[in-house]
Structures are given as C-alpha cells and as structure tokens.
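Trainee: Residue-level listing of the chains:
There are 2 protein chains.
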Amino acid sequence: MTNSVPSSGSEADVAPLGNASTAERYADLPFLPNGGVASAKGFKACGIHAGFRADPKRLDFALVAADQPAACAAVFTTNVFCSAPVTVSKERLGGVGYGTVRAVAINSGIANAATGDKGLDTARQSSAIVADALGCPAEEVLVASTGVIGQHLQMEPFETGSEKAVSTLSSAGGHDAACAIMTTDTHPKEYAVSFSGSGIGYEGCSFTVGGMAKGSGMIMPNMATMISVITTDAPIAANDLHTALKAAVDMSFNKITVDSDTSTNDSCFLLASGEAAKPSAAYMVPGTPAFSAFEHALRTVCIALARTMATDGEGATRLITVNVAGAKTVEDADAAARTVANSPLVKTAIYGHDANWGRIAAALGRSGAAFDQESVGIDIMGLPVCRQGLTVPFDEEEALRRFESPDVVIDINLGAGDEATTMWTCDFSHEYVTINGDYRS
Amino acid sequence: MTNSVPSSGSEADVAPLGNASTAERYADLPFLPNGGVASAKGFKACGIHAGFRADPKRLDFALVAADQPAACAAVFTTNVFCSAPVTVSKERLGGVGYGTVRAVAINSGIANAATGDKGLDTARQSSAIVADALGCPAEEVLVASTGVIGQHLQMEPFETGSEKAVSTLSSAGGHDAACAIMTTDTHPKEYAVSFSGSGIGYEGCSFTVGGMAKGSGMIMPNMATMISVITTDAPIAANDLHTALKAAVDMSFNKITVDSDTSTNDSCFLLASGEAAKPSAAYMVPGTPAFSAFEHALRTVCIALARTMATDGEGATRLITVNVAGAKTVEDADAAARTVANSPLVKTAIYGHDANWGRIAAALGRSGAAFDQESVGIDIMGLPVCRQGLTVPFDEEEALRRFESPDVVIDINLGAGDEATTMWTCDFSHEYVTINGDYRS
Chain A
2 MTNSVPSSGS
12 EADVAPLGNA
22 STAERYADLP
32 FLPNGGVASA
42 KGFKACGIHA
52 GFRADPKRLD
62 FALVAADQPA
72 ACAAVFTTNV
82 FCSAPVTVSK
92 ERLGGVGYGT
102 VRAVAINSGI
112 ANAATGDKGL
122 DTARQSSAIV
132 ADALGCPAEE
142 VLVASTGVIG
152 QHLQMEPFET
162 GSEKAVSTLS
172 SAGGHDAACA
182 IMTTDTHPKE
192 YAVSFSGSGI
202 GYEGCSFTVG
212 GMAKGSGMIM
222 PNMATMISVI
232 TTDAPIAAND
242 LHTALKAAVD
252 MSFNKITVDS
262 DTSTNDSCFL
272 LASGEAAKPS
282 AAYMVPGTPA
292 FSAFEHALRT
302 VCIALARTMA
312 TDGEGATRLI
322 TVNVAGAKTV
332 EDADAAARTV
342 ANSPLVKTAI
352 YGHDANWGRI
362 AAALGRSGAA
372 FDQESVGIDI
382 MGLPVCRQGL
392 TVPFDEEEAL
402 RRFESPDVVI
412 DINLGAGDEA
422 TTMWTCDFSH
432 EYVTINGDYR
442 S
Chain B
2 MTNSVPSSGS
12 EADVAPLGNA
22 STAERYADLP
32 FLPNGGVASA
42 KGFKACGIHA
52 GFRADPKRLD
62 FALVAADQPA
72 ACAAVFTTNV
82 FCSAPVTVSK
92 ERLGGVGYGT
102 VRAVAINSGI
112 ANAATGDKGL
122 DTARQSSAIV
132 ADALGCPAEE
142 VLVASTGVIG
152 QHLQMEPFET
162 GSEKAVSTLS
172 SAGGHDAACA
182 IMTTDTHPKE
192 YAVSFSGSGI
202 GYEGCSFTVG
212 GMAKGSGMIM
222 PNMATMISVI
232 TTDAPIAAND
242 LHTALKAAVD
252 MSFNKITVDS
262 DTSTNDSCFL
272 LASGEAAKPS
282 AAYMVPGTPA
292 FSAFEHALRT
302 VCIALARTMA
312 TDGEGATRLI
322 TVNVAGAKTV
332 EDADAAARTV
342 ANSPLVKTAI
352 YGHDANWGRI
362 AAALGRSGAA
372 FDQESVGIDI
382 MGLPVCRQGL
392 TVPFDEEEAL
402 RRFESPDVVI
412 DINLGAGDEA
422 TTMWTCDFSH
432 EYVTINGDYR
442 S
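Chains A and B, in that order, are what the protein sequence lines are. Each residue of the first sequence is one higher than the one before, counting from 2 in this note's numbering. Each residue of the second sequence is one higher than the one before, counting from 2 in this note's numbering.
Next up, chain A with everything else stripped away, as it sits in the complex (with noise of 0.2 Å):
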C-alpha cells in the first residue's frame, strides 16, 4: 500500500493537473468513414497476394500510385543497421528527403536487411519491375519492405505481381493495400481527414489527407517495423511537404513507443498530387492559413496513425498517453515523458491496474530533465496522486475503476517551465513476453 499515507490533505483539497495531451489538439476533424490512402485524389491503391508470404490468402504487396508523377517527401530510420529498401529509397529522393515519384511499393514478409549488396541489387531491381509495369521510370518508384531480417527477398514475387498490382489498383484499395503491410499488427492502420479550401485562398475546393500505416515499435525480426504512406490531393511543393512532413513525424510517430526507438526498416511517405486544387494548381505556401490547415490535417492523421499503433502493441492490453507540461525545455519536456513511457516499471504497473506514481517519479528522476522534486505534480488517470513531490491519498477503488478503460492518461507537472509534450505507449503484459521470448523456442 506505497500511496495510503495521507501527506498533503485529503483528496477533495487538490484539483487534477488537466494537461492537454497534443491528440487533443488535433481533434477537430472528423475521420472520413472508410478513409485510407487511396482517398485523395489522383491516387490509388491496392493490396494484392504476390507471393512473399507462403499462405495465399495472406495480401503481401502494397502498391500506393499517383495518376501523374507527384510530390513526395519521406523519413527514414536513424538506425545504422538500416535497411536495403531505406538506402534505395533515400537514392531515388536524391539524398535530400524529397523529390518527384509516381509510387510507392512494399512487402510484407521479408525485411531486405542486413542483407547486403545483394539486397541493395534486389531493392533497386524490384522498383525498375514496379516502374516497367506502371510505365515509368525506376527513379519514380519507392520501395519498402517489412519482415524477416538476414533473409534475402526473392524476384518472382515483383516479376509476377507487379502487373497484376497495376491492373487492380482502385480509388477504393486503400483498405487492402492497409492490410498488406500488416505483419504482426492486429488490424490495419488507415485515417483521411477533409479540410474546405473555402476562406483559405482556394474557394470552392475540399481537400483530403489520408493514410496507412502498420507496426509499433522495433520488433524485428518478429516482422514489426512502422511503415506509413500518407498521400493529399493538397497542391504543396516537394521541399516543402519535406518540411511539414518532419513537423507531423515529431509530434506523432517519434512519439510512440512500444521498445525502442527506431527499427532498421522504419520509412514514412507523404505524396501530394495538388488535385483538388484544379483548375488553380497554385502551390500553397508555409506561413499562409491554407498551409496551416494542411499541416493541422497531416498532423490530424498522423497521430491518429500513431495513436494505433501504440494501442496495436505486442500484447498491449491499453494504450497508455503521457503528457508533460511544466518543463524548462522542450528537449526536457520529451526526456521526461519518453524515460516514463519507456520505463518497463511504469508499463508493467498499468498491466497490473498499480497508480504507482513512485515508478513515474523514479523515471522523470532519472530522465536527465531539469527540475526539483519538490515541484513535481502526477495525475493518472485524473486522479491526483502526487503534489509537490509527497503522496496525494486517493480512492484505491476509484484508481481501479479508471484503469477499466483501453486508454490511460499520466499527467505530470514538472514546475520547471513552460514547455509540454505528449508520448503515446502501451503497457507490458505477459503476452508481450510470450511473443517476443517464444519465438522459435
């Protein structure tokens, strides 16, 4: 019983914290119903059984194509062991992270990781069959794969996929191109948001922001890796769909955890087709209202990407959302709240329905971020638990009540500052060490 002695008044003498969490902040539009990748406009997708994986009901290759060469910017992992598919794409994107493409290809079933110059060989040929089928040049078409490590990716598949690929690619394929990249997820991973060009410089024009994604966290080579494509029919110029694309991947994907940071094979696409800007196909411009609602719909659908993924983690039972305020700096503010959303004592806590704030202070302890215990206040799940660094008593019977919910919320208050930040995880159960720990055993 850590929290039973009273120290700091009774439980109606402290308010909750009420930080915001950044999901909160981008709540505002609502999903499309069936929304995906596909459903911009000047794109289509499809999901199709090319043969990667040995059961043929399973879909294994995603194909995401633009009617006409588009806009594009990505990110890549950080991971020095990165993939063959990672190095390739970064060549087609000309080092620089963006440049012009017609589609973007991937496997489920295989890595293409450390596997060498044959794999770099391999990456290259199967985008030069994916052009040939689309009719295009091998420069405009990404590649990335996801799956087991150390194996080499066989030919045939791209040989004997790729035009049935081209041939089934739809407006409404998004949902099966979402399901082909799935490895060890649960569901597919799809969100499209509108936003009204109406008052923002293109009257009369809705445009829409759309996406997949698959995996959480580095959970190879159990075959879990994060690959995301987000495609807009938003009229936004290469170098700067680059730049709202680092924006949205910091505030969504780079803050999700479900073991680690970055996996060898991590890749995250943004197309833009300026579609439905026709007849003006005028680009918008960082800094002006259309641009800022784009960033808002792109960050909209990237966090709502992220948010699933870390709710979709290896035997995640709830998806656990830590929001710091209070910090000196912004770099504290992501310390703090990624030291408590990696800490196996906090997840493993939320498993077992513990409001142990303890474990959470001992990890902002540790987290390298300015402050003063004295300063530090902790609410899980809305429920004070820590003020000015002393236990706040609190209903047990509530706490146990509130962790009945898929989706828990730590608030802290760090007193140091004025910066904040949000990090999604899930908790740690036995299922997730049954399917990391019994693989192949």
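Do not take every clue at face value.
As the list makes no split between identical chains, a pair holds if one copy fits it or if it spans any two.
Stated by the list, open to error - Derived SDA-like pairs: lysine to any residue, alpha-carbon spacing no greater than 25 Å straight-line:
| # | residue 1 | residue 2 |
| --- | --- | --- |
| 1 | K119 | S172 |
| 2 | K119 | E92 |
| 3 | K329 | G117 |
| 4 | K42 | D29 |
| 5 | K329 | G19 |
| 6 | K247 | V76 |
| 7 | K279 | S171 |
| 8 | K329 | A24 |
| 9 | K279 | V76 |
| 10 | K119 | S376 |
Simulated from the structure, these hints should not be mistaken for laboratory data.
Dock chain B against the given chain A, drawing on the hints supplied.
Mentor: Chain B in isolation, oriented as in the chain A frame:
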C-alpha cells in the same frame, strides 16, 4: 528461421570474436570463504530485527561499524527524486563524498523517499540515535534506507533497536547484515578478497577488501534499490578512497541494468580502517603498486557484487554479459553495450533461447555509437552469428545446448576502434511481469 540463410561462409570458417569481459580481468583473487563486509580488520557488523518490518523473523536493520573513526567515501544516486537518507549522508560527508565516519546504519522495509522535510528530520534523528548508542558524534553515522517509498519511517525501531544492534556487533556479523538489507533479493550478496602487502611496501601484511550489496535495478516501490557497503583494512586516505571507489563503481555497479539506471536510494559506501597496516600506518599512495593492488581487490569485490545483483534481477533466469569491443570511444562502447543490455527484445529473446542477432544489431544501430554495419561482428555464447553485418550460419541445436547455461555471453565487435566495455543484465521473463505487474492488483 531468421538466421538460416548462408551468406558468409560455413561455421567452420568463422573464428569466435573472443572478447574478454571486465570480470575476466579481475578473476585472479580467490574469494574468502564466508567473506563479507566485516572480514576486514577493524570492522564489525550485525543484522537484527528492529521492527521496520512486521515479520519478527525478518532481519531489517544492519549496522556496519568501525572500531575507530575510519576514512570513508561514498557515491549516491543521481536521481532527482533522491531519498532523505541520501541527502543526509551527503551532508554528513560535507558534500564532497568523503570524510571520516564510524558507522553506516541501514534499514529495510521503508525507503524514506518522497517524504519531504519530515523525512529529512527522520533521517537526521535516526543517525543521531545510532551515534548515541555507539558513543560517537551524529556526523559520524551515515544512513541508508530501502523499501516502500512515500511512507514515513518510524523512529521507534531506531530507538529500541540501536542499543541492541551495537551490542550485537561482531566480526562474524557480516552475513546477518547482508541479510538485513535484502528486499526482493532472493539471497544475500557478499564477497571478500585478500592481497599480500609483501613486495609492495607492506611486508608481512595481508589486506582484505570485503563487502555486501542488495537489490538490483530500480524496482521501487517493490523495494529493491542498490545499496552496498564495502570495508577494507588497507590504509587509504579518504579522498583517494573516493577516487578509487568512483572508478570501481563505474566498471561494476554502473555497468549493470535490470530495468533502468538509478533509483531514489542507490548508495555505495567504502570504509578504510588501515588496521592491517599496523605497525606501519603509512597511506597507500595512488600510482604505487600498493594502491594498484588495493584498487584491483576493490574492483574484484565490486564486480562480483554487481554480477550477483544482475543475476538476481527480478524474475531473472539468466545472467547476460554483453562484451563490446572495437568501439571508437569509451562513450560509444558504453552506449552500445547499455542499449543492448536494456533492450526488452534482446532480454526476451534470451529468455526464449533465441540466438537472435537481429535484435542485438537493431539495438546497436540506435545506440548512438559510431560504426558501419558492414564492420560489425556478433557472437552469442561463443557462436559466431554475424560477420560484416551479415548472417553467419550456425548450428541451432548447439545454440540451444549453450542456452542451458545460466550465464549467457554476447560478444560484439563494432570494428570502429579499440575501446571495449562489459555490461551485465538479466533476461526478461513472464515472472518479471508477474512480480512487477501483479503488485497490489
């Protein structure tokens, strides 16, 4: 079957990396039978039931006392949420980390952490009560606590227990002291070694370094934290003791991880009586063979205690030794070894007897250490599994046989330089989740 693709030759072609662990460099001094914290001349110890715990059969109060005021050095947790006894012991050592003391008093059951000003008063008062019983100034008694956080430590057990503890002190009391500081530990941890003064300026003398430790990793408030007391009868000045202790801790206690780095209460004390140097009481001087012999003995004891702590991690079934060589810098070596040792995916793979080098590679790749993936070699239990960043085929049955050992060694060569280090951790089991997740629920 992750590692089944031939890529760089058959097993027979590949020699093991043959990295040496830090422990192997400190394996020449035999441990004294029944050696512990009271093995060195000039020290006595005891462990009694003072009443911090409800169970009268459970020892809960340890006292280590020098016959005369002794040189002392200490290192403490860097966690911002440090406990009251840490703050008070730091005060007692004048803020420099070394000084002259008579005793270290340790209670288990309550950590006296997150207890504010009242907790500080309690810690100060408790050291004064013990000092009264010993007949020395309060400034000469250091304190440490381990157990539940957020609860206040009662004074009664100190008041009723201190006289009893002082009267129980004996040179055979080290074992009881080691038992009294246990929390979730499954066994007491104590080691001692001796080295001869002959040939190093202390002819006919024999010096002893012995110590005890408890807990491993930050497992608050499941009542495990790291506390260690080490004594020696070598004649060492307090400031030199501090330098030697910091170096020894850096290669031992700071190189183990169960689930994080520092708890609220981590403390390591080193006391030197000089009693074995009589009649010559000349201090051993840093840089001389005598001081080097002392440092070697100290490191031997610290490494043995640290390894035992990692082996006894909550739910652990195996000790994991991570030997990194070929790092560009000392910091890179540490980052690489630490990231591998902290990886839940590596720890669950070892639990599942899976020689899964991909998870090790992924941890290395995100560690921040500088290297090229084409230069990396990895052995698991002496079996080469990766060379030049590529899979090496190995005998899976032989790997499963080697996993029967309670001691799993991972050798890594980054191929980027000459620096090396060793980290110790334990595997991640269902039992870990049960211990940490089922608490209170």
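Trainee: Which of the listed hints are broken here?
Mentor: Failing hints, ascending: 1, 9.
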